[in-house]
Amino acid sequence: MMSLIETRNMWKTYDMGAVQVHALRGVSMSIEKGEYVAIMGPSGSGKSTLMNLIGCLDTPSEGEYYLNGKLVSSMLDDELAVIRNKEIGFVFQVFNLMPRASALHNVELPLIYNGTSKEDRLRQAMKALEVVGLLDRMKHRPSELSGGQRQRVAIARALVNEPSLLLADEPTGNLDTKTGKEIMDFLTELHRSGNTMIVVTHESDIAAFADRVIYLRDGMIEKDDVRKRAV
Amino acid sequence: MRIYWDVFMMALSALKANKLRSGLTLLGVIIGVTSVITIISALEGLSQSIEAEINKMGPTTFMVTRMGMIFSEEEFFEAIRRRPMKIEYMEAIEEGCEYCEKVAARTYTMVNVKYQNKKISRLFGIAATANFIDIVEYEVGQGRFFSQEEDHNRRRVAFIGTAIQDELFPNVDPIGKDIKINNIRYEVIGIAKKQGASFGHNQDLVVFIPLSTYAKDFGTSRRRLRNLAILVKAQSLELLDQAMDQTRVILRAYRHVPYDKDDDFSMLTADTIMDALNRVTKFLRLGLIGVTSISLIVGGIIIMNIMMVSVTERTREIGIRKSIGARRRDILLQFLYEALVLSLGGGLIGIAFGVFLGDVLIGLINMDMTPSLYAIAIGLGISTGVGLFFGIYPAMKASRMQPVKALSYE
Ligand SMILES: Nc1ncnc2c1ncn2[C@@H]1O[C@H](COP(=O)(O)OP(=O)(O)OP(=O)(O)O)[C@@H](O)[C@H]1O
Ligand SMILES: [Mg+2]
Numbered sequence: 001m002m003s004l005i006e007t008r009n010m011w012k013t014y015d016m017g018a019v020q021v022h023a024l025r026g027v028s029m030s031i032e033k034g035e036y037v038a039i040m041g042p043s044g045s046g047k048s049t050l051m052n053l054i055g056c057l058d059t060p061s062e063g064e065y066y067l068n069g070k071l072v073s074s075m076l077d078d079e080l081a082v083i084r085n086k087e088i089g090f091v092f093q094v095f096n097l098m099p100r101a102s103a104l105h106n107v108e109l110p111l112i113y114n115g116t117s118k119e120d121r122l123r124q125a126m127k128a129l130e131v132v133g134l135l136d137r138m139k140h141r142p143s144e145l146s147g148g149q150r151q152r153v154a155i156a157r158a159l160v161n162e163p164s165l166l167l168a169d170e171p172t173g174n175l176d177t178k179t180g181k182e183i184m185d186f187l188t189e190l191h192r193s194g195n196t197m198i199v200v201t202h203e204s205d206i207a208a209f210a211d212r213v214i215y216l217r218d219g220m221i222e223k224d225d226v227r228k229r230a231v
Numbered sequence: 001m002r003i004y005w006d007v008f009m010m011a012l013s014a015l016k017a018n019k020l021r022s023g024l025t026l027l028g029v030i031i032g033v034t035s036v037i038t039i040i041s042a043l044e045g046l047s048q049s050i051e052a053e054i055n056k057m058g059p060t061t062f063m064v065t066r067m068g069m070i071f072s073e074e075e076f077f078e079a080i081r082r083r084p085m086k087i088e089y090m091e092a093i094e095e096g097c098e099y100c101e102k103v104a105a106r107t108y109t110m111v112n113v114k115y116q117n118k119k120i121s122r123l124f125g126i127a128a129t130a131n132f133i134d135i136v137e138y139e140v141g142q143g144r145f146f147s148q149e150e151d152h153n154r155r156r157v158a159f160i161g162t163a164i165q166d167e168l169f170p171n172v173d174p175i176g177k178d179i180k181i182n183n184i185r186y187e188v189i190g191i192a193k194k195q196g197a198s199f200g201h202n203q204d205l206v207v208f209i210p211l212s213t214y215a216k217d218f219g220t221s222r223r224r225l226r227n228l229a230i231l232v233k234a235q236s237l238e239l240l241d242q243a244m245d246q247t248r249v250i251l252r253a254y255r256h257v258p259y260d261k262d263d264d265f266s267m268l269t270a271d272t273i274m275d276a277l278n279r280v281t282k283f284l285r286l287g288l289i290g291v292t293s294i295s296l297i298v299g300g301i302i303i304m305n306i307m308m309v310s311v312t313e314r315t316r317e318i319g320i321r322k323s324i325g326a327r328r329r330d331i332l333l334q335f336l337y338e339a340l341v342l343s344l345g346g347g348l349i350g351i352a353f354g355v356f357l358g359d360v361l362i363g364l365i366n367m368d369m370t371p372s373l374y375a376i377a378i379g380l381g382i383s384t385g386v387g388l389f390f391g392i393y394p395a396m397k398a399s400r401m402q403p404v405k406a407l408s409y410e
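Protein chains in written order, with my numbering: chain H, 1 to 231; chain Z, 1 to 410.
Don't take every hint at face value.
[Stated by the list, open to error] If you want the footprint, here are the derived chain H segments under chain Z, 3+ residues with CB under 8 Å:
1) 16-23
2) 52-65
3) 77-84
4) 141-147
In short, the hints are calculated from the structure, not lab data. No residue lacks a Cβ here, since even glycine has one placed at the ideal position from N, Cα and C.
Go ahead and model the full structure; you've got the sequences and the hints to work with.
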């Protein structure tokens, strides 16, 4: 039986014309269902690049990536879109909400793209907003919400399709310490309720929430530190 | 299926969110479609009213005139040297043409008409023989047309169009009243059925008087009979050619045309007039449509330009949509829908404007405005085509964006 995530010698190379930037140089790792993993490393070490590959936003230049036993590294654009929609919930540092849409519509959006009926969509989106405690703000636009609230809307959007994998790339990077801690507490709670979670951070107190820390340096895994394996 | 509808709704709300941009795009399409439809419906209306006019002549009737239809300068300079038609030809044809059933003559001139202190200046005075009404399908609305006796006896009687009734006799029955045509007193004996307008002139603004009376009151000078035409109705459609041949022989003899020379008069049937006019309008159509297509292309380029700006501006939005699972076709469709809504919306408004302006252009505004299906079909076809053609490239560009790149776009 394969792990939830399995990468084999994954490379990502950006061709900049004159030079080639190797953002990842042969990353091999596996992550099991239910794990809570933090990815750490200095700036430019390839954390976001790795997250984008894991999140199927991009494909590796070389190597294989299996998600749920499926070889996603060789999938076409539209197949990846379906994976992103069904299997992955992505939380970004800069929230990436649709600025003109209400919180509800933002959360509902992934469901539109898989053809869920209007009633089901509203029900599921409202449920997700309830989980993040923002049901009373569902009519608000992102600009009418605080940073922490925006990130919680983004988390609700990531949750709404009940994905097999929650990814967060520096989810607290744009938040003050207190709000950041709240968001991390919340993500930890989500992990406890059964979600597989990968969080990128360069702060060790944030990484402390996780059960396992993968250290990246120059596009390679420097250290894979398992503290308390989830059972 | 549902997703197409949802994506369509997203396209609509994106358009609403960018009112200025949407408005400008609409304007581009409206200008293009309006100009094409104006031309098409003007030409359409023109052909229709010409057709209606000519069909009044009936298929078995032909008209003998001095000038006929002229298509070149040489023809024109030859034709203006021709001698005028004479009323005697009518009797000659009546006697000599065995396949002709009826022969009528008419001429026209501009006249002034007065009743008491009300006056209409410069309207068509048509002088005709009594059987003119049988050949040309003018219908009697009230009273009667003048009789052959009245024509022979040069009686001063008049048959008027409804516009004259409306203007000079708003509250009175005109029948039996005396009007003054160029200061000569005529008795109104009948009113024509309403005809409507064609080629920008009101066909109901007309007065008919007997041809002989006209000859007496207005004279038979060359100038006075310049517009004289003889209308001949053949016994049947099969005998039309023979009737025309006989008439030609009679006229050539009367006008002393040498056997080796061409006719110095012209004979026209409804068909030949229609053919000639169709040839002319076809050229007009092609030429004008060519010119107006340019404005459509300009409209299309405006759409494409604005769509490109919109795609670039919304790169992050596209990235977000892709990151949560929008496929290429979802993005493609959204931008295509946006282009199509604008171009079809602009198209519909353009059609409405165009049909209206087309009618104004040929003065048909007081006739019933039935926009031609042809114009509507063309307008819709063109605007859909423009929307698709100029919308597809930006939409493809949007749909092919890489999610990571799009998300990190500043
Ligand atoms: N689109 C790109 N084109 C070229 N080079 C890129 C691109 N994206 C990332 N890189 C390079 O790849 C390397 C890894 O970048 P990445 O964003 O993964 O780093 P990171 O670990 O997330 O850094 P940070 O902590 O600052 O977010 C960097 O050297 C970066 O310059
Ligand atoms: Mg990063």
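Verdict on chain Z covering the region 16-23 of chain H, where coverage means 3 or more residues with a C-beta closer than 8 Å: Our answer is that it is violated, as 0 residues pass the Cβ test (under 8 Å) against chain Z, missing three.
8 Å C-beta criterion, at least three residues: is the region 52-65 of chain H covered by chain Z: Coverage by chain Z holds here, the residue count being 4 at a Cβ distance below 8 Å.
Verdict on chain Z covering the region 141-147 of chain H, criterion of 3 CB contacts below 8 Å: violated (count 0)
Whether chain Z covers the region 77-84 of chain H (at least 3 residues having a Cβ closer than 8 Å to its Cβ atoms): It holds: at least three residues are needed, and the region 77-84 of chain H offers 5 whose Cβ sits within less than 8 Å of chain Z.
Going through the hint list in order, the structure does not satisfy hints 1 and 4.
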